[in-house]
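A.B. asks: So the chains spell out like this:
2 protein chains.
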Amino acid sequence: MQWTKVLGLGLGAAALLGLGIILGHFAIPKKANSPAPQDLDLEILETVMGQLDANRIRENLRELSREPHLASSPRDEDLVQLLLQRWKDPESGLDSAGASTYEVLLSFPSQEQPNVVDIVGPTGGIIHSCHRTEENVTGEQGGPDVVQPYAAYAPSGTPQGLLVYANRGAEEDFKELQTQGIKLEGTIALTRYGGVGRGAKAVNAAKHGVAGVLVYTDPADINDGLSSPDETFPNSWYLPPSGVERGSYYEYFGDPLTPYLPAVPSSFRVDLANVSGFPPIPTQPIGFQDARDLLCQVNVSVYNRLELRNSSNVLGIIRGAVEPDRYVLYGNHRDSWVHGAVDPSSGTAVLLELSRVLGTLLKKGTWRPRRSIVFASWGAEEFGLIGSTEFTEEFFNKLQERTVAYINVDISVFANATLRVQGTPPVQTVVFSATKEIRSPGPGDLSIYDNWIRYFNRSSPVYGLVPSLGSLGAGSDYAPFIHFLGISSMDIAYTYDRSKTSARIYPTYHTAFDTFDYVDKFLDPGFSSHQAVARTAGSVILRLSDSFFLPLKVSDYSETLRSFLQAAQQDLGALLEQHSISLGPLVNAVEKFEAEAAALGQRISTLQKGSPDPLQVRMLNDQLMLLERTFLNPRAFPEERYYSHVLWAPRTGSVVTFPGLSNACSRARDTASGSEAWAEVQRQLSIVVTALEGAAATLRPVADL
Amino acid sequence: MQWTKVLGLGLGAAALLGLGIILGHFAIPKKANSPAPQDLDLEILETVMGQLDANRIRENLRELSREPHLASSPRDEDLVQLLLQRWKDPESGLDSAGASTYEVLLSFPSQEQPNVVDIVGPTGGIIHSCHRTEENVTGEQGGPDVVQPYAAYAPSGTPQGLLVYANRGAEEDFKELQTQGIKLEGTIALTRYGGVGRGAKAVNAAKHGVAGVLVYTDPADINDGLSSPDETFPNSWYLPPSGVERGSYYEYFGDPLTPYLPAVPSSFRVDLANVSGFPPIPTQPIGFQDARDLLCQVNVSVYNRLELRNSSNVLGIIRGAVEPDRYVLYGNHRDSWVHGAVDPSSGTAVLLELSRVLGTLLKKGTWRPRRSIVFASWGAEEFGLIGSTEFTEEFFNKLQERTVAYINVDISVFANATLRVQGTPPVQTVVFSATKEIRSPGPGDLSIYDNWIRYFNRSSPVYGLVPSLGSLGAGSDYAPFIHFLGISSMDIAYTYDRSKTSARIYPTYHTAFDTFDYVDKFLDPGFSSHQAVARTAGSVILRLSDSFFLPLKVSDYSETLRSFLQAAQQDLGALLEQHSISLGPLVNAVEKFEAEAAALGQRISTLQKGSPDPLQVRMLNDQLMLLERTFLNPRAFPEERYYSHVLWAPRTGSVVTFPGLSNACSRARDTASGSEAWAEVQRQLSIVVTALEGAAATLRPVADL
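Protein chains in written order, with our numbering: chain A, 1 to 705; chain B, 1001 to 1705.
Any given hint might turn out to be false.
Unchecked claim - Label-pair distances were calculated between CB atoms; the ranges are:
no. : chain 1 : residue 1 : chain 2 : residue 2 : range
1   : B       : Glu1639   : A       : Val462    : 22 to 30 Å
2   : A       : Ala36     : B       : Ala1598   : 19 to 27 Å
3   : A       : Ala99     : B       : Ser1675   : 31 to 39 Å
4   : A       : Gln608    : B       : Val1656   : 49 to 57 Å
5   : B       : Leu1575   : A       : Pro638    : 27 to 35 Å
6   : A       : Pro650    : B       : Thr1671   : 36 to 44 Å
7   : B       : Val1656   : A       : Leu308    : 30 to 38 Å
8   : A       : Ser563    : B       : Leu1607   : 47 to 55 Å
9   : B       : Asp1704   : A       : Pro229    : 49 to 57 Å
No wet-lab data here; the hints were simulated from the structure.
Note that the structure is a prediction, hence the values are computed from the model and not measured.
By construction, the Cβ of each residue, glycine as well, lies at the ideal position given by its N, Cα and C atoms.
Can you build the whole structure from these sequences, using the hints too?
C.D. replies: Below, the structure written as C-alpha cells:
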C-alpha cells in the first residue's frame, strides 16, 4: 500500500477517503486485527515426525554405549561434553545449554580388594570361588572400566555362615523359613531378584539375624528358563550364566547425605552414622552359574566403599516464543552400570535425535515453540535418581510454578512389540492423540495406538476400550517430579509381547552384556522401535509446548478417583462401618471433583469455539497445569521421604484405593476401635477429602468463592 | 458512525471510500488497534478516597459494637447476616458473597459455675473474693452477653496455695524466684500481662510446680500509672480498676482439633488427650483492683469448658475484569471478647465502608478492577486466628497459586497519632505510594506518609530516611497467610504517640469497657483516623488490584537480607568460625539475590517504557507475586506448627538475623563442635541458602537455565 498514490487525489476525494479510513479503522471489528494466536502447527509436527531418523538413533547409541559410563566416571564426564557439544551446535543446537554439578555420595567396590563369595568346606578350606567378573564373551566384558558386580550402598564386611535359600527375600519368605524351624541367625541368605526391592531383601534378612545376603538372577525369572551358554548372549538376547545384575540397594532416592537439600558443596550433610536407608548387612549379587554351585558354608567378603563424587546434570533449553515461563521438561539419565546400551543409552540416543531435529528447525528459523522446552540429561540415576532429585530440591519453587509436564524416556526399547506408557491421568489424551497419528513399526499398517491397544487395554466408562496407562512408581527420574513436586508426568517406552517371554526385564539388565550389539542384533534391529518412541515423545512434546490450549485433560482424573472410591466402598466399606467411619465425605468430594472437572471441560469447549484472548487461555491453562499440585500434602506421609502426592504414594495395603487409606486400614485392621491406628485411618481419610475438595476448588470458575 | 449516510454515495466515491477503508484497516499500525491495557485509574482512585466517609464508619462501628459478639454467639451470627446483607446490596454490594462455617473447639467459662478467685485466711475462711464481673460503669458491662473474664483454653480446676508474685511469668522470672529461695511447688503465681505470651505464663509456671496462675493488668503497663476510678474510663481512656483483659491462652493458632485440616464436620479430629498447646494449669485473669488486694493463701476456681461450636467466615468478591484469577485479599475478624468496639469492630467498620464505596462504583458500572478483590470477615480470631487458619487449610493451593497480597485491618485505630504498618518488604512501595497522596488527619497539611515518618523511621541505604515497616508476628489473621502460605501481607492501623503514653496497648483491650462511646469520646472523636486507615487500605487495594504492573517491589527484600547477613557476620561470625562453619555460601546467596532482584527491576523499567503485551506483563507479575512463596520450606521448623517462612519464623535467639540460624546458634552456643545442636546450625544455614538461591532463580529471566 503506497501513500503517494493517495496524496494525488483532490480534497473532496480526500475527505471521502478520510471517512473511509476512519471507518476502516474503527468500524471493522477488532478481531480481524489481532493475529491468530500461536498454536500447534500440524505441518511442523509432520516435518518433525519425518525427520526423526532411526539410523541416527542407532549411531547415537553406538557412541553413547561405546564405553562403560558409570556415574561420575571419566567417560560419564565425556558424555556430558558430548551432550553440551550437541546442544550448543550452531546448526542443530538449542538456545542454550549448560552442565551443573552436585557432590553426591556414591558407593563403589574396592579396586584393590574385590568383593568375594567363596564356598567353604567343613575344614575351612575354600571349595569354590564365585566369579568376580562376568565372562568376557564379546570382548566388552573385560577391562578396568567394567565395574565389578556389586550391591551399591551395601556395607563392607566378611560374614561367614551356612547358606539358606530364602526365595525372594520378602518378609513372608523369612517367616516361612522360621515356620519350618530353620535357624536364620548368622546364616547367609541366598535370594533371587524380583518380588521386593533390592534393599528390602537385606532389610528383611537382617531383621531375622541373617549375617549376609546374596542375590542372584534366576533363569526362570529372566531367561524364560534357558541357562546354557549356547542359548544365551551372544547367541540370543538371554543372560549368560556369568551375568550379574548390579544395582543400588539404597531404599530412598536422592543423595543420601542431603535429603531435601541440593547436594551443592555448601549444603549441610547428615552425619554418616545417621543416614537411614542403606542395607544393614553385607550384600552381594551373583550370577546364576554361581548360585547353582553354592553349598553349605559360604563366605561373603564385601569391600564396598562410600565416596563423595561429582556428578553432573546437563540441561538445554529452547526458549518459548510466547510463554517462555512455561516449561515442557523432557529428560533421561546418562549414567549406566557398564556400557548401558539399553539402560539408559537407548533413551539418550532418542533424546539426542529429538534435540537435533527440533534444534535444526530452530536454528533455521522455521519454528520456535509457544512454551519453553527443557532437555535434561540426569547424572547418577542408577544410585537412586540422584541427579534429578537434587535438581528438584535446588529449583523446587520455580519448577513447581512453571512446569507443564515432565516426560521421561529412560530405557526406550525393552522389546519391539508395543508402546507402554506410565503416567498420571491428565496426560492420557495427549499420548492418545500423538500415537493415533504415528505408524507402528513392524508389518501391517496399524498406528502405534491401534497396536498398543492390542497389548494393554482397559474398558473405560467414558471412552470404551482404550490403551491402559500404567501408574508411576519410583523406577526412574520421573519420581521426584510426580511425588515431590506434583508435576503431571509420564514415562514412555517400547516393550514386550508377554505371550512370547516371561522375562522379568530384558535379560542383560544391569550387566556387562548390555551392549550396542545386543541392541543392534536382538532388541531392535533396524531401530524402528527406537524411532517410534522418538516420534511419540516428539509429538507429545510438540503438542504440550505448542498448543494454545494445554492438552492436559483433568477430567480424566475422575475415572481414577471413581475406581479408588469403588474399591474403598467394596473392600473397606464394611470394615470402616464397623469402626463407625463414614465414607460419605469422600463420596461427596469425588462427586464434586467430577462435576467441576466436567464443567471446566465444557467451558474450555465453549471458549475453543470463540476466539479467546491469550490471557483468558493462560488463566485456564494455569488451572489445568496446577491441578496435579493440589494433590500434594507434604505432611501426609511423614515417614515416606519425598512422597507427598496423596494419590500415588507407595501402597502397602492390598486394596487398590487411595494409598494412605489402604495402608492405614491394613495396619488398623486387627486393632480395636479407638486405637491410634484407627485415628490414623481417619486422618488419612481427611487428608484425601481435603485434597479432593481443594482440587475441585481450583477447577471452579476462578472468581467463584 | 452511521452506515446509512455512506450508502447514499455514488460508486466511484464508494471505490475511493473502499480504498480508505482498506487503508484505515491495514495501514494504520496495529498498536492503535489494541486499546491501552487496563491500568490504575487515578480519577477512580480520587473518587474512592473522596467517598470514604468518616461518619459512615462511625455509624458502622456503632452498629457493630452495639452488643457483645463473642465468637459463635447469636450476635456474632447476626453480624454474619449484616455483612451478607451489605455485600449483597443491589446498590452497593459486591459481585457475590457467602458465609462458610467451620465446627471448631472453643473454650468458655461455665454459666452455672463462674470462675472464682478467693483469698483464704489462715483458718480457711474466705477473706476476700475477687470480682466475677467488671463494674457496670456505663450500663454496657452488665447483662448475660458480657462473658465473664477468663483465660480461654485454661483447664478447669480449683487449686489453692500461697500467692507468689512472679512478675511477667517469663522463664527468667521463675528462675529468679528460685534463686531467691522461694518455694514454687503448689503456689499460685500472680503475673502481669505483657513480656511473654499469655499461654507461656502458665507453661513456664507449671514447669516449676506452680498450681495455678493469675494474670492481671498493671496500671504501670496500661494506664501510664493511673488507677483511680476518677482517672479512668468513663472519665478518660484508661482502664477502670475492675477491668480484666480476656484472651486466648492457646499456644498455636487454628482450630486445636484439626491442625493442617479444615474444621469441616467430616475432618479428622485429634483426640482431646493428644492436643498440645493448651495451658497446663488453671489460669484466670483479674483486674488490678483485685490484684492489689491479694494476700497470702489464694483459692482459684476455674470452671472453663471446651465446646465444639460453629463459627463462620463471610467472604465477598468483586470479580476482576481482566485477571479474575488474581486475588487481592482484604480481611479482618468479626468476633470480639465483649462489645469489641476497637477490637475488632474498628477494622470491620472500615471494611464495610470500603466495600460500600467500591461496591457502589461497581453497581453503577463506573468501575471494575483488573484483578479480583476478595473481602473477608473471619470468625473466632480471638480464640487463635481460627477462621482465617481454617480457610487457608481448606483452600491452600488455590490461595497460594493466585493471591497477590493479603491486607489485614484488625484494630484500625489504637490512637490518633500516626499510621503504623507491619508487612513484608515487597509491600513497602505500594504503601508509600498510597500514603504520600493522602492527607493526614489532624492539624497541618502533612500527608499520612510525612506524618508517619516523624514517628517511625529508619535510614535505608537505598532510599535514605523512610517510614519503617514493622515485621509480622502472629498477632492477627495475617499469620496463616504469611507464615503458612507465603503470601506477601500487611497489617494497617493508626496508633500512639509514644511520648504521650507508655500503655502496652489501648487500656480497655479485651475488657467490657471497649465500647462505642470509648472510641467516640477518647480514641477517635470525629473518626478521622478511621477514615485515614480506610483511605490507606483503599488506595493500597486499588493499586494492587488495578495496576497493570503489580506494585510489589521484590528488590526491597535485598535490604532485609543484607541486614540479616550483617547481623550474622557481626554477632555470630566468630562463633561460627570457631566451629568451622562458613558464612561464605550465605554471602554468595544474598549477593545473587540482590543482583537478580536489581536486574529484574531494570527489565521492568524497560518494559514499562514500551507498550508491552498483557501476557508479557502477566509473566513478570507472576515472578513478583510468587517470590514470597520461594521463602517457604514446610520442613524447616518441624516443631513450629504452620511456620514455614524461613525469614519470618519466630526468633528466640537474640541475634536479629535469619530466625532458624539465630535460634539454632543460641541452642548450640554452649555445646561442643560436632554436637547435634551444631549439625542443626548447619542444616538451618543450608535451608536459608537453598531458599535464597531458589528465590534468585525465580527472579532470573524465565528462560535462563
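A.B. asks: Now tell me if each hint is right for this structure.
C.D. replies: Structure-based check of each hint:
1. Glu1639(B) to Val462(A): 22 to 30 Å: Given about 46 Å between the Cβ atoms, the range is violated.
2. Ala36(A) to Ala1598(B): 19 to 27 Å: violated, 38 Å
3. Ala99(A) to Ser1675(B): 31 to 39 Å: At roughly 37 Å between Cβ atoms, Ser1675(B) and Ala99(A) fall inside 31 to 39 Å, so the hint holds.
4. Gln608(A) to Val1656(B): 49 to 57 Å: Holds - the Cβ-Cβ distance for Gln608(A) and Val1656(B), about 55 Å, lies within 49 to 57 Å.
5. Leu1575(B) to Pro638(A): 27 to 35 Å: Roughly 32 Å apart at Cβ, these two residues keep to the hinted range, so it holds.
6. Pro650(A) to Thr1671(B): 36 to 44 Å: holds, 37 Å
7. Val1656(B) to Leu308(A): 30 to 38 Å: holds, 36 Å
8. Ser563(A) to Leu1607(B): 47 to 55 Å: Given range 47 to 55 Å: holds, Cβ gap about 48 Å.
9. Asp1704(B) to Pro229(A): 49 to 57 Å: Given a distance of about 54 Å, which is inside 49 to 57 Å, the answer is holds.
Going through the hint list in order, the structure does not satisfy hints 1, 2.
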